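Visitor: Given the structure of chain A, go ahead and fit chains B, C, D and E onto it with the hints provided.
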Amino acid sequence: MTQLHLFYVFAALVTFCSVMVVGSRNPVTSAVFLVFDLFLLAGIYAMMEAHFVAAIQVLVYAGAIVVLFVFVIMLLNLEQESHGKVRVSIPDIVMMGITGLSFVIIAFLVARVPSMATVGEMTPEAIAAAGGNTYVVGMVLFTKYLWPFELASILILLAMVASIVIAKKDKAAKPGRRRTVNANQ
Amino acid sequence: MLLWLVILFPLLGAALNGLLLRKVSKTVSHIVGASALIASFACALTAYMQMMSAGGEGQVIFGFDWLEAGGFKAPFQFILDRLSGMMMLIITGIGSLIHIYAGGYMHEEKATWRFFSYLNLFVFMMLLLVLGDNLLIMFIGWEGVGLCSYLLIGYWYEDDANAAAGMKAFLVNRIGDIGFLIGVFLCFKFFGTVSFSELKDIIINGNALTGPQLEAVSWITLALFIGACGKSAQLPLYVWLPDAMAGPTPVSALIHAATMVTAGIYMMTRLNFLYFLAPDTQMIVASVGAATALFAATIAIVQNDIKKVLAYSTVSQLGYMVLACGVGAYAGGVFHLFTHACFKALLFLGAGSVIVAMHHKQDMQEMGGLRKYMPITHAVMLVGVLAIIGFPGLAGFFSKDEILWKAWIGGGPVIWGMGAMAAVCTAFYMTRLLMLTFYGPNRSDHHTREHLHETSAVMWAPLVVLAILSAVVGYLNVPHVIPGLPHLLFEHYLSPIIHVPAAAAEHWPHLTATYSHSLELGLMGISVLGMFLSAGFAIVLYKNGPSPTAIKLKKSFSGIHKVLTNKYYVDEFYFKYIVDPLKDMSLFLWKIVDTVIIDGIVNGIGQAFMLVAGLTSFRMSGSLHRHAMVVMLGIFCLLTILLF
Amino acid sequence: MGLDLQQIQAFLDNEFAVQLIATAIKFAVVFAICIQVPPIMIWVERRAPALMQRRKGPNRVGFFKLRLWGLLQSAADAVKLILKEEIVPRGANKIFFQIAPIFGVIPALLIACAIPYGNDFQLFGYNIPLSIVNVDVGFLFILAVSSLGIYGITIAGWASNNKYSLLGSLRASAQMISYEIPLGMSLIPIVLIYGTLDLNQIVIGQSNLWNWGIITSPISFMIFFVCMFAETNRAPFDLAESEAELVAGFHTEYGSAKFALIFLTEYVVMFILSCLASTVFFGGWQIPFVPHDTLMQLIGGLHIPVLPYLLDLVGWGAPFLSLSLQEMGVHSLIASLIGVAVLFIKAGFFMWMYVWVRWTLPRFRYDQLMSLGWKFMLPVGLANIFVTAIIVAILNFK
Amino acid sequence: MPTSESYLILATIMFGCGVFGVLFRKNLILVMMSIELMLNAVNLVFVSATQTLGNVDGQVMVFFVITVAACEAAVGLAMVIALYRKYGTIDTDFLRVLRG
Amino acid sequence: MDFFNSHVLTLTTFLPLLTAVAIMFTPNLAISRWVAMGGSAVTFLFSLHVWYYFDAQTPGLQFVEEYSWIPSFGIKYIMGVDGLNLLLFILTTFLTPLILLSVWHIEGSKQKAFLSLFMFLECGMLGSLVAFDMVFFYIFWEAMLIPMYFMIGIWGGKNRIDATTKFIIYTVVGSLFMLAAAIVLYLLHYQKTGTYSTNILDLYTTAPLYETQLWLFGAFALAFAIKVPLFPFHTWLPDAHTEAPTAGSVILAGVLLKLGTYGLLRFAIPLFPEAVATYAPIIVSLGVIGIIYGALTAWMQKDAKKLVAYSSVSHLGFVVIGSFALVAGGNQISVEALTGAVYQMINHGISTGALFFLVGIIYERRHTRMLADFGGLAKVMPWFAFMLIIATLSSVGLPGTGGFVGEFLILLGTFQSSPIAGITASLGVLLGAVYMLHLCRKILFGPLDKKENQELQDLSPREFAYLTPLAILAVLMGIYPNLFLDKIRPSVEHLAQNYKQYRLVAAEQPAKDIENVASSEQSAESAGE
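Residue numbers (the numbering used here), protein chains in the order written: chain A, 16 to 200; chain B, 863 to 1506; chain C, 2 to 399; chain D, 293 to 392; chain E, 29 to 557.
The set of hints was computed from the structure by calculation and includes no laboratory data. The reader is advised that the hints may include incorrect statements.
Straight-line Cα separation of at most 27 Å, DSS-like style, residue types lysine-lysine; simulated pairs [as the list claims (entries may be wrong)]:
{"hint": "1", "chain 1": "E", "residue 1": "Lys-138", "chain 2": "A", "residue 2": "Lys-184"}
{"hint": "2", "chain 1": "B", "residue 1": "Lys-1417", "chain 2": "B", "residue 2": "Lys-1170"}
{"hint": "3", "chain 1": "B", "residue 1": "Lys-1445", "chain 2": "E", "residue 2": "Lys-515"}
{"hint": "4", "chain 1": "B", "residue 1": "Lys-1453", "chain 2": "E", "residue 2": "Lys-330"}
{"hint": "5", "chain 1": "E", "residue 1": "Lys-407", "chain 2": "B", "residue 2": "Lys-1051"}
{"hint": "6", "chain 1": "B", "residue 1": "Lys-1170", "chain 2": "B", "residue 2": "Lys-1414"}
{"hint": "7", "chain 1": "C", "residue 1": "Lys-164", "chain 2": "C", "residue 2": "Lys-95"}
{"hint": "8", "chain 1": "E", "residue 1": "Lys-407", "chain 2": "B", "residue 2": "Lys-972"}
{"hint": "9", "chain 1": "E", "residue 1": "Lys-407", "chain 2": "E", "residue 2": "Lys-478"}
Chain A stretches covered by chain D per the calculated footprint, using a threshold of three residues with CB under 8 Å from any CB of chain D [to be verified]:
{"hint": "10", "segment": "25–35"}
{"hint": "11", "segment": "41–49"}
{"hint": "12", "segment": "57–70"}
{"hint": "13", "segment": "73–84"}
{"hint": "14", "segment": "118–124"}
{"hint": "15", "segment": "149–157"}
{"hint": "16", "segment": "166–177"}
All figures in this text were calculated on a predicted structure; none of them were measured in a lab. Just so it is clear, CB atoms sit at the ideal spot from N, CA and C, and this is done for glycine as well.
Here chain A stands alone, though its shape is the one from the complex (with noise of 0.2 Å):
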């Protein structure tokens, strides 16, 4: 019952939040509505009794990467979206239609979906038994999702790499210093 209201009330806030970031024209104003929104949905999974996942969600998500969008915005100090450059053309608009009606063919489909029926044993009274939500997904990742967990911890590493690698500042373009240094290649 009052769940039900909360999820109500969260999911119009989730889908406020979601229109604001795409519709806002500042990027700043955009990046505050996601981590509301971010946030919101740790919400949601908080109610799901998904306790890890919605700290994960906060943490990670609202904590790093939307941090690291902000900063991004700030380092380069972006005007906003200028008005007079925006040129909608007509296949601009005929694929605003598309994708609208691409959603309303998936609305669609997501209500012809039978309700599906194979329920596995991990019913919420199984979780609390086990320990917990946390501890039941802790002993999933890390027995069966053993290998995935150590690739993405090296995905991590390389994006890491990767990502100072791209960003970092190349020192012969800097300007006034044009002596060309066969820097890292």
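Guide: Frame of chain A, contents of chains B, C, D and E only:
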């Protein structure tokens, strides 16, 4: 075991000289090279004696399984019988003499390790060729001697002409080798073996040959004969041999006179049972031999380069041997091979001495009167010349007349006539050589004349040995018509090797028939007379250098002279009608087919794609959103399909 | 008042509602305490250096000679701040400029929700935890929410349209992000040792002095202690607001109530981190040498008959009269409240540490700060996790 | 308790917003944020499926999705910075290197 | 030891990959060189272990490793060696240390990447040689292209980008056809047996319909023909060779091309025996054209490296015709020619490898490869001349070198199959001598008239170290071929036997041509004699 030593000594010498002794003095090179050969000769002699004392039966010495694939089997094994034993002795014996001589000849070279290494390697290859029990081992030697010949002709590689001559020799030989290879293939296809002894078993002792096999024999023998043409410098593949004189003279003596070029004759003799089975091939062989003998002899008449004369003479003499094989007189052919090895080596080495004395000038027009400067050389050369022109009593007389006689009974008057003409020409040009070189006034320049002197003992001692050999070996095969001497020793010696298959006996009646002595004597008389006449004519013309008559003759027959001087334009012909078109075609293939057509098609396909891509990408604005929209469109289509 | 007992009974039967009310009360109390932290701390921060520097510090403000050692100076400052005119600089992003302090304060207060201030107590048969929200991943919750604090600072600096502010905010947030990682890593060994993510369980695990986190994982504490200072942008890591370089960092343009909020945020975070340090490393609400059970026994001897009768006086007592105090859970409530006091004492020590360090150590250079974080703390933290994990695995194996 | 359909519909809405953002926003950073939005929509579906299907694998998947999203954001933003350094803009209307 | 024996192929294959990774983490070039050398040397030792314990009597696979990878698709991890790939396997491991030695002196910041890529390439080559699973084979097959692409594209000559692009597009187009055909085959196998399998040995039993075979064989043969490269798909080769660095050329000629011919033997022939009989004349014709064409074109080249590259086209033509020498009316495959083809692959790897090394040596000294810029080098570089002559002789197939054995057996078999093809191909032997001696003459002989050439240094000890093994092997393969042939023989006979068996069975089916049966019987009789 001894046989292995025979083979391994030269290889060892080659390896020592070629790989290890690069920095040592040339004396060491010489000693190593020559002693390897002498040791080899000693072993060869012992092995030969053992074989002969055991009754002279052929023995097969197994080495190891060399090449086996599918049904094909070629063990590394040797055959030692009367034929190969004799060849082995010639190679190592004459080889030893020439090695000793070479030390003197190469005296002025800076480093001779390369020379002796190649020379030893050559002997090794030649021994493989001779001793191999199957066609494949023989082929190793066959190509191996070609390689050494290539390397030795190009010994003074800094002169581009020498390198070219070496290459020419190798390539022309290769043409022949391909014929040889095809012979091997055919042999395997129809007889399933390439071993001499097995082949012999099949043909002599086995069942009657089937039709296709009989037919194949003609082709096999013909193909192998092409190989022989290449190696033994027969028409039309003789062109490499004169050019091969670019190499050092001992090389010319050993390789291009005494041993390698006789490989073809050896091979045909080895396979005589096959050749007997193919009378058509034999006809061709005889014709080619006779034609070569005459053809080369005519060219030799007008050559001025002392080595070129000898080279064409060699071609001509090889023609004789081939002719002998062609008419079934294998013993005669091999005997001539033997005698020729002796006197031609002698002649070449003598010429080499002259060349050394003349400071590497080879033009006979600048020589003359060397008799008084080089008496020993003159004496041995005289013996050699007399031997080659068939002066009665010397080696050449016996061997050549034997061949001419067999040509008459086996090949008919035309073949005999060509042979006899060649003999007459030989007498003329050899006498001319002798006269121009050793008699008359000395025509060389002052500087050269001052330094003219007899060569060192290391050079003339082998010459003397060879001269003695040239004088006496003829008596090994005295024809029936000459009374008072043991007759036809050599032919008897070789008779276990020569087999006329029963199936082929009808084609070779003259081998067994008896002929009147008077005919033989008459023919001999004619050829000896011709020889004397032409030799006398040459003496008259060139006694004191080229006489006015000679010059007048040259003028009045200038057309023929020009043709002869230019060797019938054979080289030019080959270049113009074979090599150049091939080059043009290659250029066409590369520049047009490869670059334009094939690459054009490939690039065309690529460009076609580019064109299509260009056509379809006109809406590709590069905008991220456009791309995303296309993705979206795809999703939309998928969804529509899913939905309906 | 006509209060229907039936309704009360029904209300008490609805656990969700009870917990909601309890949570509201707890939140109100915690919020009230948090609000009080800055004034007291400002006072301490003024008086303590004065003590250290052998001077008096503020001691004038007061009513009628009642000066209270200058304690009212803080109150005066608060009033001044709140009453000041709201100024938004020209060119600043108005909305974000206004919102930013709120962004800062909300995560700070949210973290406060996850700290177990005392042991759970049983009232009316309901188990009521003394943390505002009791999630079983309290640890992760704290880490997650604390990472949100960056937004307030970043947006504040950006929205001010002042290059010093922007630089200060970037410095501050970069610093916080950098030190969040060793901070998180320093806590993982604790999780390994006590085998739970629930903070209250961790505290229960530290029943003995020898079980305290500082004993079981001293390196973690050291890292945590350093990170505490860095996370709060306090000296010696107060580069984000180093006056000599950046005027005052991200809050240069702020004044009046918004500034007060920023101030509030800073001190609340300090307070919460102090609480967390006490909770994780110093046994939380546990009294040294007095395990909770012993405490309960001690309190069980007390007889407090007053409460039901008081309720009866108001007319509400009927449902409770039949219940003993034990059953009502008053004892456990008292025990928990003692725990709260103990925790606050421990936290107070850390608050003092903040001040002490501020007036003792000089400021770091920014690159030193960063290299300390990434090149020293991070590897040490990682090594600490590995070593601890191995030891824990061995011990559990036996 | 909300039904699984309601989660799905919420996710669809979020996803749709993300798609619109990708398709029509010109700012690269916003495009990337929209992608994050889409990823979150998927995460929501995963978690709701976890609940309805009684299988916690979905939550593990969310964990992986978040990991990948973090990598994507890091590398993507680094590229945005590099692009900005090179072209002076991150407006997709001006970044048309792929023009055919 | 048991563990080692049962995993030696995996170890050998992936050790280079490990080395490649290790090289990336080495602090400086000197260490990375030693790491690379150590890795490749150990790989070579492992492969020698395979050689030593390889049972020459067994025709089937040895040292088999089989693990299930994706069971639902029947994809497995299978490795094994038999006579067909054993020698190539060892050739690869043998050439790698030598090549590393040849780049030992090259400095530069990118060299580490080069070494790493090279080891990666070795892994790809070894893998595609021993993989007996279609999927794994394909993965390795394509993985080889990546390092090669970079090796030509980064370290190549002037037109390296064009060359490497051409190389990649050519090869990939072929591979894609092969992939498509492999998938069809996989599905056909499933239709027939009801189980999914990508095991090549299982796929051998598929025996699709004749018409299908024609298509599938075409696709497979195209892929391998491009790799070989068979005329007229060869134009990438000269470009790639000319632009590639020496090491790249050596490995390209030494091993990569052989994978094409190996693929023909391993896949095209046993998988589609009926199509082989149909296609053999075409392929043999193309092979013969390639022999002559390559030789003539090589003759005209002015660039030494291009000359050697075209010579590869010619030599590999021999291998191709050797693989498709059908006898007995197309019902049997000539064992001699097959043996020769396998043998020639190895020999070509050694002789052409050596030639590329030698060309590289003078290129390094003079920075030109034009024949006209050389002449008379035999005087200043006698050992170089020695090595070049040995390589040349091996290349022209002089008896006593490996080239002769291979070419002889191939021609022998081809001649049994088709005398015209045999004779025409024999002309290739002649033309081979023409262009190779042309090369020798232009470089080694003639007057030493260029000033730069007069100061050239002879081979350094390092260069000796990598040329000598090649020279020794070239000669050893010529004087004692049975040493190698013994290992090849059972597998080749097995392959030929299978082919014959298949043709007999196919001929017995009523719809088939009766004439074939007659001729096969006749041939059986003649074989019986």
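Visitor: Now tell me, hint by hint, if it's right for this structure.
Guide: Hints, one by one, checked against the model:
A C-alpha spacing of about 21 Å is found between Lys-138/E and Lys-184/A, which places the hinted pair at or below 27 Å, so the restraint holds. Restraint check: the Cα-Cα separation between Lys-1417/B and Lys-1170/B comes to about 22 Å, which is no more than 27 Å; the hinted pair holds. Under the criterion of a C-alpha separation no larger than 27 Å, the hint pairing Lys-1445/B with Lys-515/E is inconsistent with the structure, at around 42 Å. For a cut-off of 27 Å, the pair hint linking Lys-1453/B to Lys-330/E stands: about 12 Å separates their Cα positions.
With a C-alpha separation of about 46 Å, the suggested pair Lys-407/E and Lys-1051/B falls outside the 27 Å cut-off, and the hint is violated. Among the hinted pairs, Lys-1170/B with Lys-1414/B is consistent with the structure: their alpha-carbon atoms are about 23 Å apart, no more than 27 Å. At roughly 17 Å between alpha-carbon atoms, Lys-164/C and Lys-95/C fall within 27 Å of each other, so this suggested pair holds. Distance check on the hinted pair: Lys-407/E and Lys-972/B sit about 12 Å apart at the alpha-carbon level, within 27 Å; holds.
A threshold of 27 Å between alpha carbons decides the hint, and for Lys-407/E with Lys-478/E the separation of about 12 Å falls inside it, so the pair holds. Judged by the Cβ-Cβ criterion of 8 Å, the segment 25–35 of chain A is covered by chain D as claimed, because 5 of its residues qualify and three suffice. For the segment 41–49 of chain A, the stated coverage by chain D is satisfied: 4 residues place a CB nearer than 8 Å to a CB of that chain, which reaches the threshold of 3. Counting residues of the segment 57–70 of chain A whose beta carbon lies closer than 8 Å to any beta carbon of chain D gives 7, which reaches the threshold of three, so the coverage claim holds.
Given as covered by chain D, the segment 73–84 of chain A passes the check, having 7 residues with a CB less than 8 Å from a CB of that chain where 3 are the minimum. Coverage of the segment 118–124 of chain A by chain D holds. Counting CB-CB distances below 8 Å, 3 residues qualify, and the rule asks for three or more. Coverage of the segment 149–157 of chain A by chain D holds. Counting CB-CB distances below 8 Å, 4 residues qualify, and the rule asks for three or more. Closer than 8 Å: that is the beta-carbon criterion, and the segment 166–177 of chain A has 7 residues meeting it against chain D, so the requirement of 3 holds.
In summary, the numbered hints that this structure violates are 3 and 5.
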